[in-house]
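> Sequence:
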Amino acid sequence: MVGDGPYRNYIEKIKPKNLFIIGYLKGEKLAKSYSNSDIFLFPSETETYGLVVLEAMASGLPVIVSNKGAAHEHIEHNKSGFITETEEEYLKYIDLLINNENIKTKISKEAFYTAQRLNLEKTYLQYINEIFFNREKNNEDIRHYHLLPQKEWRNKEIYR
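Take the sequence shown: its letter number 65 is residue 64 in numbering that gives the first Met the number 0, and every next letter is one higher.
Honestly, I wouldn't trust all of these hints.
Unchecked claim - Derived CB-CB ranges, DEER-like:
1. Tyr112 - Lys91: 22 to 30 Å
2. Asn98 - Thr47: 32 to 40 Å
3. Asn98 - Pro5: 27 to 35 Å
4. Tyr23 - Asn98: 12 to 20 Å
5. Lys105 - Glu54: 26 to 34 Å
6. Ile97 - Ile10: 32 to 40 Å
7. Lys105 - Asn8: 35 to 43 Å
8. Tyr112 - Ser36: 12 to 20 Å
9. Lys28 - Glu84: 13 to 21 Å
10. Glu44 - Tyr23: 18 to 26 Å
11. Asn98 - Glu75: 17 to 25 Å
12. Glu27 - Lys91: 12 to 20 Å
13. Asn8 - Gln115: 32 to 40 Å
14. Glu87 - Ser36: 21 to 29 Å
In case anyone wonders, no lab produced these hints; they're calculated from the structure.
We treat Cβ as the ideally placed atom computed from N, Cα and C, and that holds for glycine.
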């Protein structure tokens, strides 16, 4: 188990022997943890966004998240992950993923593709916002700027 929080001491006391609590990780250590995992659980009900959920999806992990907070916003239930309302549903979906390799593979692939689409879209939208913000800030007429076609996004060029 990766992460930390106010319940760590309690979890240490009640955890099964085959559960290891790693604590807080970042960078390469976190990436390696994703690659060594089978399922990503995110039970937080108060997280405002849950970037770690997108990181897990980008790593090809099937994700199980709460329907509270914002972590579920980019997950299509039963397609790119599972959105739960109760503790029992967490157990149900964990069991499903452990015992059905076909479903696990399907969910993992869709999670990966979803994260890739979001990453490209986010990069593009950030770029567009920067362009228009800078042009408006300098009082330039932005109506004369044209964006390159989607296949040219990687060049990040704008021309008149």
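> List, from low to high, the hint numbers that the structure doesn't satisfy.
Violated hints: 4, 5, 6, 9, 12; rest satisfied.
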